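Novice: Residues per chain, in single letters:
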Amino acid sequence: MLRDYIEKKRVEKKILIMTHIVIGAPDLETSYQTVKAMVEAGVDIMELQIPFSEPVADGPVILAANQTALDRKVTVGQCIDFAERVAKEFPVPFLFMSYYNIVFKYGVNKFAEMMSAKGLKGAIVPDLPHEEAAQYLAAMKKYHLDPIFLYAPTTSDSRMKEISSHASGFIYCVARKGVTGVDTSFSSDLDEYLQRAHTSTDLPLALGFGVQEKADVDFLKGKADIAIIGTQSLRVLAEKGVAGVKKFIAGMQ
Amino acid sequence: MAAHKGYFGEFGGQFLPEILHATITGLEQVFETAKHDPGFWKEYETLMQNYSCRPTPLTFAENLTKYFNGAQIWVKREDLNHTGSHKLNNVMGQGLLVKRMKKTRVIAETGAGQHGVATATMAAKFGFECTIYMGEVDVLRQRPNVFWMERLGATVVPVKTGSRILKDAINEALRDWVGNMDTTHYVLGTACGAHPFPEMVTWFQSIVGIETKKQILEATGKLPDRVYACVGGGSNAMGIFSGFLKDTAVECVGIEAGGRGIATGEHATRLASPDASIGVSQGYKTFFLQDDDGQMKETHSVAAGLDYVGVSPILSHLKETGRVRFESATDAEVITALSLAVKKEGLIPALESSHAFAGAFREVSQMAPEQIIIINQSGRGDKDIFTIADALHDPKWRDYIKDKAGEYNAS
Ligand SMILES: Cc1ncc(COP(=O)(O)O)c(C=O)c1O
Numbered sequence: 000m001l002r003d004y005i006e007k008k009r010v011e012k013k014i015l016i017m018t019h020i021v022i023g024a025p026d027l028e029t030s031y032q033t034v035k036a037m038v039e040a041g042v043d044i045m046e047l048q049i050p051f052s053e054p055v056a057d058g059p060v061i062l063a064a065n066q067t068a069l070d071r072k073v074t075v076g077q078c079i080d081f082a083e084r085v086a087k088e089f090p091v092p093f094l095f096m097s098y099y100n101i102v103f104k105y106g107v108n109k110f111a112e113m114m115s116a117k118g119l120k121g122a123i124v125p126d127l128p129h130e131e132a133a134q135y136l137a138a139m140k141k142y143h144l145d146p147i148f149l150y151a152p153t154t155s156d157s158r159m160k161e162i163s164s165h166a167s168g169f170i171y172c173v174a175r176k177g178v179t180g181v182d183t184s185f186s187s188d189l190d191e192y193l194q195r196a197h198t199s200t201d202l203p204l205a206l207g208f209g210v211q212e213k214a215d216v217d218f219l220k221g222k223a224d225i226a227i228i229g230t231q232s233l234r235v236l237a238e239k240g241v242a243g244v245k246k247f248i249a250g251m252q
Numbered sequence: 000m001a002a003h004k005g006y007f008g009e010f011g012g013q014f015l016p017e018i019l020h021a022t023i024t025g026l027e028q029v030f031e032t033a034k035h036d037p038g039f040w041k042e043y044e045t046l047m048q049n050y051s052c053r054p055t056p057l058t059f060a061e062n063l064t065k066y067f068n069g070a071q072i073w074v075k076r077e078d079l080n081h082t083g084s085h086k087l088n089n090v091m092g093q094g095l096l097v098k099r100m101k102k103t104r105v106i107a108e109t110g111a112g113q114h115g116v117a118t119a120t121m122a123a124k125f126g127f128e129c130t131i132y133m134g135e136v137d138v139l140r141q142r143p144n145v146f147w148m149e150r151l152g153a154t155v156v157p158v159k160t161g162s163r164i165l166k167d168a169i170n171e172a173l174r175d176w177v178g179n180m181d182t183t184h185y186v187l188g189t190a191c192g193a194h195p196f197p198e199m200v201t202w203f204q205s206i207v208g209i210e211t212k213k214q215i216l217e218a219t220g221k222l223p224d225r226v227y228a229c230v231g232g233g234s235n236a237m238g239i240f241s242g243f244l245k246d247t248a249v250e251c252v253g254i255e256a257g258g259r260g261i262a263t264g265e266h267a268t269r270l271a272s273p274d275a276s277i278g279v280s281q282g283y284k285t286f287f288l289q290d291d292d293g294q295m296k297e298t299h300s301v302a303a304g305l306d307y308v309g310v311s312p313i314l315s316h317l318k319e320t321g322r323v324r325f326e327s328a329t330d331a332e333v334i335t336a337l338s339l340a341v342k343k344e345g346l347i348p349a350l351e352s353s354h355a356f357a358g359a360f361r362e363v364s365q366m367a368p369e370q371i372i373i374i375n376q377s378g379r380g381d382k383d384i385f386t387i388a389d390a391l392h393d394p395k396w397r398d399y400i401k402d403k404a405g406e407y408n409a410s
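Protein chains in written order, with numbering that gives the first Met the number 0: chain W, 0 to 252; chain L, 0 to 410.
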C-alpha cells in the first residue's frame, strides 16, 4: 500500500514529488512521453487524470486539457489501457484522478477491480465526499486500493479526523480556496493549516494547488511529505515540450 | 451507511469538493432555520406582493377552450412577475437568505437570461455585488437580457468552455464559488444541484402551487384534472406541482424540450426519452444526457432555458414513482403553440413556457368539457422576440433589423 512506500521513501528524501497529467492532452503519445520524462526526472508518485466534460474543481489550464483530450475523442477505455501500460513500464505508483461520474458510470466495484488488475494503487475523486462514498470505500478496500481524500483550509479539526478515518495512503491537502492553477501564497497561514492537518491524522500529508517552483517545494520540507505539482507542469509542457518538463521536474528535487 | 440527507429516492445528494463543505453546511442551516420560522415565509410573501404582483392571476383561457372543444383551459400567470418569469420567486427568497448570512456578493448561472436578470434585479434592490455566468451561445441568442443585466449593474461573463451553454455556466459559477464563498452566495436558478438547492428552490417556488390550488378551488370549486409545466431544471414545474402532489387525482405532466425531435438526438429530453441515464455531476445524482463513458452530451432546444443535460432529482424520483408523467414537445410544435396562444388569447408565453402549452394542446381535445387543465405560463415571450421572429420568418421584422443595422453602420 502507498503509505509504506511513502514512509520508506521519506527516509532518504526530505519531500516526495507527485505530478499530475491529463491523459490524452494534447495526445496519448505526448502523455506517454511526459510520464516517461517525469519518472526519469525522479518523480515519486503520479496522478493520471481521466478527462471529464464537467471538471468543476479545475481551473482554466487543466480544464482546457480535459477539453482537448475529449475533443480528440479520448475514451475511458483508452485511459485504462494507457494506465496499464505506464504502470507496467515504470517503477512508481500510479493513481487515477477523475470525477465521480466516470467511476459511477463504469460501475464502482468494477472500477476498483479494474484498477487493481491494471496495477494502479489508488484514486482521487474530488467531488466524492466520504458521506456519499460508502460503495466506493467498500470496493477500494476489497481490492486493497487507497482512496485518497482531500482536506481544505475550511475543513474543521473534527471533520479532518472524520475524513482521516475513511482515508488511506495519504491525505491530499488543498492549499487554498479556489480551483487548480491559481497562485498560492506559501506563508504562515499555510504552516498553521498543515499543523492542524498533522494533528488530525497519522497518514502522510501531500500539499497541492499552486506549487510552481523549487522555493515552494523547499518551503514544504518538514511540513508535508509530498509536494503535488499539477497545473505548472502542464504549462511547461505547452511552452517547452516534454524535454522542458523533464528539466522542470528535475529542478524541483 | 444510512441514506444521506438530501435524497429523493436514489436521486439528489451532495457531491461537492471538500472546500465547499463548510459553505454548503452553513447554507443548509440558514435554510432549515428559515423553513421553521413562520415569520420568514410571511416576510417572503409580503415582499413578493409588494415587488412582484403576487398572487399572480389564474386566467381562464375561454377562446382556447372553445377552439379545442375539450377540457377547460386555465393559465397560471407567472409571466406577470416582475422581470417576466417565475425565476424571481426563487431569487428573492434566496436574497432574503443572503441577507441573513450577511454576504455581500451573489453569483448565478443563466441560460435564457431570465434567471440572470432576476438575480441582477434582486442584487440591485438589496445592494449586493453581482456576477452572472452565461454560455457564449446564450449570450448571442439572448442579447436583450444581457443588456438588462448590465444596466442593472451586474458583470456578465460569457462562458467559452464546453458546449458554451447552461451547464458550462453552472461549472463556471461553481469555480467562482470555491474561491469566494466567504463573501459570495451562489444563487442557483433551478431545482437542481447539491442539497439543499433542489429542496430550497422548490420551497420558494411552491408559492406558485399554493396560490394556484386556492385560485382554482375558488373559481371552479374543483381541483384540476391535469397540471402542465415545462421542465428545464424543473423549478417552475416543482413550484406548481407541489400544490397538487398530495391530491392523487390530479395528474401532473412535465413537458421537456424535444428540440429537433427525439430521433435526431438534438434535444434536451431527459425523462421522456430513453436517451438519458443516471449519473452524478454538478453536485447531484439524477438522469443526465451522457454517453457510455459518462461524458455529458450536447443538448439542443429553441428555448435556452430548457437546454440542459440534467434535471431536478425530485422530478427524477417523481418519474420513477409514476406520480408525474413526462412528455416532450419539439421546437416546431412549440412555435405553433405559441402563435396560437398569442392569436387566440393575447397571451405571450416564453418559448420555455410554450412547451407546456404545446403539451397541453396535444391532449386537451380528447378531454371532456367538465374537466379542467391548468398550464403554468412560467414566463413571458417578449425576451424571445429575436428567436420567435426568426422562427416565424417575419419579413417586416427582418427589414427592421436590417434598417437598424444600416443606421448603426452609417453612424
Ligand atoms: C420562462 C422560463 N420558464 C422555464 C424555464 C426553465 O427552468 P425551470 O425548469 O427551472 O423552471 C426558464 C429558464 O430559464 C425560463 O426562463
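If you are wondering where the hints come from, they were derived from the structure by calculation, not from laboratory data.
Be aware that one or more of the hints could be misleading.
As the list claims (entries may be wrong) - BS3-like mimics (lysine-lysine), calculated; alpha carbons at most 25 Å apart, straight line:
| id | chain 1 | residue 1 | chain 2 | residue 2 |
| --- | --- | --- | --- | --- |
| 1 | L | K296 | L | K159 |
| 2 | W | K160 | L | K343 |
| 3 | L | K296 | W | K72 |
| 4 | L | K343 | W | K176 |
| 5 | W | K117 | W | K7 |
| 6 | L | K4 | L | K65 |
| 7 | L | K34 | L | K101 |
| 8 | W | K176 | L | K401 |
| 9 | W | K176 | L | K98 |
| 10 | L | K159 | W | K72 |
| 11 | L | K98 | L | K34 |
| 12 | W | K109 | W | K8 |
| 13 | L | K65 | L | K343 |
| 14 | W | K176 | L | K159 |
| 15 | W | K8 | W | K222 |
| 16 | L | K343 | W | K109 |
| 17 | W | K176 | W | K141 |
| 18 | W | K239 | W | K222 |
| 19 | W | K176 | W | K12 |
No experiment lies behind these values; they were computed from the predicted model shown.
Novice: Which numbered hints turn out to be false for this structure?
Specialist: Structure breaks hints 2, 4, 6, 8, 12, 16, 17, 18 and 19.
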